[in-house]
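Peer 1: So you can see what is in the structure, the chains are spelled out below.
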Amino acid sequence: MYKYDEYDQTIVDSRVAEFRDQVARRIAGEITEDQFKPLRLMNGLYLQLHAYMLRVAVPYGTLSGKQMRTLGHIARKYDRGYGHFTTRQNIQYNWIKLEEAPDILAELAAVEMHAIQTSGNCIRNISSDQYAGAAADEIEDPRPWAELLRQWSSFHPEFSYLPRKFKIAVIASDEDRAAIQLHDIGLQIRHNDAGELGFRVYVGGGMGRTPMIAPVIRDFLPAADFVSYMEACLRVYNRYGRRDNIYKARIKILVHEIGAAEYARQVEEEWAHVKTLGLDPPPGEFERIAAHFAPPAFETGLSDEIDRSDPDFALWLDSNTHAHKQPGYAIAVISLKPIGGIPGDASAEQIELMADLAERYSFDELRVTHAQNIVLPHVKKADLYALWKALDDAGLGTANLDLISDIIACPGLDYCSLANARSIPIAQKIAKRFENMDRQRDLGELKLKISGCINACGHHHAGHIGILGVDRKGEENYQLLFGGSGAEDASLAKIAGPGFNEDGIVDAVEKAVETYRTLREDGERFVDTYRRVGMQPFKEAIYG
Amino acid sequence: MAELLRYRDDETHEEPAVTLDAFLGQTNATAVRLEPDEDARALIPHLDRLGLIEVAFPKFRDGRGYSAARILREAGYTGELRAQGDVLIDQIAYMRRCGFDSFAPEKAISREAADKAVGFYPEVYQKAADGRSPVWALRHG
Chain U
1 MYKYDEYDQT
11 IVDSRVAEFR
21 DQVARRIAGE
31 ITEDQFKPLR
41 LMNGLYLQLH
51 AYMLRVAVPY
61 GTLSGKQMRT
71 LGHIARKYDR
81 GYGHFTTRQN
91 IQYNWIKLEE
101 APDILAELAA
111 VEMHAIQTSG
121 NCIRNISSDQ
131 YAGAAADEIE
141 DPRPWAELLR
151 QWSSFHPEFS
161 YLPRKFKIAV
171 IASDEDRAAI
181 QLHDIGLQIR
191 HNDAGELGFR
201 VYVGGGMGRT
211 PMIAPVIRDF
221 LPAADFVSYM
231 EACLRVYNRY
241 GRRDNIYKAR
251 IKILVHEIGA
261 AEYARQVEEE
271 WAHVKTLGLD
281 PPPGEFERIA
291 AHFAPPAFET
301 GLSDEIDRSD
311 PDFALWLDSN
321 THAHKQPGYA
331 IAVISLKPIG
341 GIPGDASAEQ
351 IELMADLAER
361 YSFDELRVTH
371 AQNIVLPHVK
381 KADLYALWKA
391 LDDAGLGTAN
401 LDLISDIIAC
411 PGLDYCSLAN
421 ARSIPIAQKI
431 AKRFENMDRQ
441 RDLGELKLKI
451 SGCINACGHH
461 HAGHIGILGV
471 DRKGEENYQL
481 LFGGSGAEDA
491 SLAKIAGPGF
501 NEDGIVDAVE
511 KAVETYRTLR
521 EDGERFVDTY
531 RRVGMQPFKE
541 AIYG
Chain E
1001 MAELLRYRDD
1011 ETHEEPAVTL
1021 DAFLGQTNAT
1031 AVRLEPDEDA
1041 RALIPHLDRL
1051 GLIEVAFPKF
1061 RDGRGYSAAR
1071 ILREAGYTGE
1081 LRAQGDVLID
1091 QIAYMRRCGF
1101 DSFAPEKAIS
1111 REAADKAVGF
1121 YPEVYQKAAD
1131 GRSPVWALRH
1141 G
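First to last, the sequence lines map onto chains U and E. If you're matching positions, the first sequence starts at 1 in the working numbering and goes up one per residue. If you're matching positions, the second sequence starts at 1001 in the working numbering and goes up one per residue.
Chain U extracted, bound-state conformation:
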């Protein structure tokens, strides 16, 4: 894992001091709420329906046990005893007092964490593959590149008042677990025909009210030009992205309006100039960062055998573990989606337990996934049973990874000031309806995603089944969508037809799922069947 040096620590400590000063000026009335807003936003502090919400950055989703324990401590001391893991691999707290926010930032800085640029119209937390450094299918660990971007983008003087927020994701495998084609910039590390390392660059994807899949604007960007090319991409956007309409201000609109080829041409022209400025750190800086991500001291010669005699454990093993690159090890996923629970929420006690288990079983590392679960990336197969027992005792052993109850949901109208409808109760009702785990397993991989407004924080456009909550004449109304994907087969979900009320949407989901069960062919997932047969049979089942 990356460790701060004196420079990193100084910068994060500086932020705490600056923000303490800004909060003091706000409380003293020296600055107005309008002037304070962009400042607090750049520190991840939102004014929500009931209180301030603080979003803490978890760069590329990676945490140590000590950092995780601090997150639990903050939940207990400053919130109401829980935290909410987000689709940006971050954590947010919903019941924060403004005057305590600087103290929280100081507690975070003490464990090399911060809330820098977790909101505002700037470059947000860099996300990555939650299995980075462990997955059998990656060509190298993408996180050193993500850390290089974290440093480059932190307090970037030119790109802190962009037309709109800006999200970048980096992966290093063909299987896309980070939804890179739905990011402002998506980067896939790859080799060219000559065997050199570089990036495929996607620009202009996104969700929100105008969802778009990002086109490739550069098929191979040499690693040595990484930072300067990002600078050129952002400068073209900062200069020419629309500022006349907040709903048309994301880079996807610029790329769409001028075309990917023209955007790429402008970037190349800008880059030819920017490259002369010496903005790219030397290879030694990348090597310094990469050394922090060296693989842990894996034991060799371990057996891959696992005792499956406990049937409940075997079910968890089959659904919640993933292949590791090192023989004798597995990647274990902790579901934060207990049936009837709030997707992504964890209590202070659960957070602390996960910190303990990471120290004991996973070389002191955890990951947050964009699907709002937690990963222990390096678990010895021989330890999986003991790990599962400990998780199960704490209500963290739900064996539902990628099943219909592993729902992504935004906070919705229960918390969010932008929402039109509640998301959490819909997620809870759907999970309850499909409570029977045999039924869920029979349905197989089914990604269900719920947003409580058109901003799409719950990724409904990318759901095999998506649900969008809207306000219809003062009533919460839920639209149903099918056929989205945030993976390497990225696609945007389509609306089936008129919306439903709270109970109607649960019935409609069930009818759609039963239609799939009737129509599916061998090995087809819900989304595969939908793609083969189209919308019509589903529509007939739901509205017929």
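Hints were generated in silico from the structure; no laboratory data involved. Please read these numbers as outputs of a predicted model, since none were measured by experiment. Keep in mind that a hint or two might mislead.
Computed Cβ-Cβ distance ranges for the label pairs, DEER-style [said to hold, decoys possible]:
#, chain 1, residue 1, chain 2, residue 2, range
1, U, G474, E, A1042, 49 to 55 angstroms
2, E, R1061, U, L277, 25 to 31 angstroms
3, E, E1106, U, R80, 37 to 43 angstroms
4, U, K3, E, A1137, 16 to 22 angstroms
5, U, K3, E, T1027, 57 to 63 angstroms
6, U, D34, E, A1113, 46 to 52 angstroms
7, U, D21, E, H1140, 46 to 52 angstroms
8, U, R80, E, H1140, 41 to 47 angstroms
9, U, D304, E, H1140, 22 to 28 angstroms
10, E, R1008, U, P283, 33 to 39 angstroms
11, U, I27, E, Q1026, 48 to 54 angstroms
12, U, D489, E, R1061, 21 to 27 angstroms
13, U, R360, E, A1137, 38 to 44 angstroms
Calculated pairs, DSBU-like style, for lysine-lysine (alpha carbon to alpha carbon, straight line, at most 30 angstroms) [as the list claims (entries may be wrong)]:
#, chain 1, residue 1, chain 2, residue 2
14, U, K380, E, K1107
15, U, K511, U, K539
16, U, K473, U, K539
17, U, K389, U, K77
18, E, K1059, U, K165
19, U, K66, U, K97
20, U, K494, U, K165
21, U, K381, U, K325
22, U, K97, U, K37
23, U, K248, U, K494
24, U, K165, E, K1116
25, U, K66, U, K325
26, U, K3, U, K380
27, U, K275, E, K1116
28, U, K248, E, K1116
29, U, K37, U, K248
30, U, K77, U, K97
31, E, K1107, U, K37
32, E, K1059, U, K511
33, U, K380, U, K429
34, U, K37, E, K1116
35, U, K494, U, K473
36, U, K389, U, K325
For glycine and all other residues, C-beta sits at the position ideal for the given N, C-alpha and C.
Got chain U; can you put chain E on it based on the hints?
Peer 2: Okay, now just chain E, sitting in the frame of chain U:
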């Protein structure tokens, strides 16, 4: 207009800034004002005769002027580069990094407060137009 905040040793430029169109249409103006939607690169052939470039910030949220400033400094402009308009204290540090060395905020900012705001960050992560060495350069000095 509130008092000018300057980080230059030379005399304040006296000539009023003209619009970009007016500047490009006449040969003797030495001060120009750039609106957010105007291309800073249009000035590059004329930098030698410019003593003041004023970049307008009608709304603090509109960050195009930051790119304009860097483009002008990267092209070798050494005259006064002024940020005018809805310029807030917490933006001064970023603006200084992008090459602004003069500020005409609509609401006055004291020199003391500006210096304090700029002073919060002894280290920076990236190269910009202010000549400061980023930490990656210090690490491998």
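Peer 1: Which hint numbers doesn't this structure obey?
Peer 2: 6, 7, 9, 12, 14, 27, 28, 32, 33
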